[in-house]
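*Asks:* Sequence:
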Amino acid sequence: MFTQVTPDSTVLELVEYHPETEAVFNRYGQRLGVCLCCEALFCTLREVAVRYELNLDELLSRLNSVIE
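Numbering-wise, the sequence shown is residues 1 to 68 according to UniProt numbering.
I should point out that these hints are in silico values taken from the structure, not numbers from a laboratory.
One should not assume that every hint holds.
[Claimed, not checked] Pair by pair, the computed Cβ-Cβ distance ranges are: (1) Glu16 / Arg46: 12 to 22 Å; (2) Thr3 / Gly33: 24 to 34 Å; (3) Gln30 / Ser65: 11 to 21 Å; (4) Thr10 / Leu32: 13 to 23 Å; (5) Gln4 / Asn55: 15 to 25 Å; (6) Glu53 / Asn26: 11 to 21 Å.
What you are looking at is a predicted structure, and each value in this text was computed from that prediction instead of being measured.
For glycine and all other residues, C-beta sits at the position ideal for the given N, C-alpha and C.
Input sequences plus hints: build the corresponding full structure.
*Replies:* See below:
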């Protein structure tokens with residue numbers, strides 16, 4: 001288990017070890033019209049940010065805030 005989310009963390013790692021992060025991915029997914037946990041499960045957060053044009057720092061901050 002890890003306690004700090006990084007750009008190289010994968011969606012799978014986060015939802016596996018910190019299920020509470022799924023809510024963050026679901027909120028982004030609703031805004032984007034895509035299920036990030038389905039479409040980007042094996043991607044790093046950096047890859048997710050690039051693919052869906054998300055602010056990486058904001059995504060990291062939101063994910064880190066729910067696991068602290």
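*Asks:* Could you run down the list of hints and mark each one as holding or not?
*Replies:* Consistency of the hints with the structure:
In this structure the hint that Glu16 and Arg46 lie 12 to 22 Å apart at CB holds, the actual value being about 18 Å. Between Thr3 and Gly33 the C-beta distance comes to about 31 Å, which sits within the given range of 24 to 34 Å. Against the hinted window of 11 to 21 Å, the Cβ-Cβ separation of Gln30 and Ser65 comes to about 18 Å, which satisfies the hint. Separation of Thr10 from Leu32 is about 18 Å and conforms to the stated range, judged on CB atoms against 13 to 23 Å.
Gln4 and Asn55 have their C-beta atoms about 18 Å apart, which keeps the hinted 15 to 25 Å range intact. Restraint check, Glu53 to Asn26: a C-beta distance of roughly 18 Å satisfies the suggested window 11 to 21 Å.
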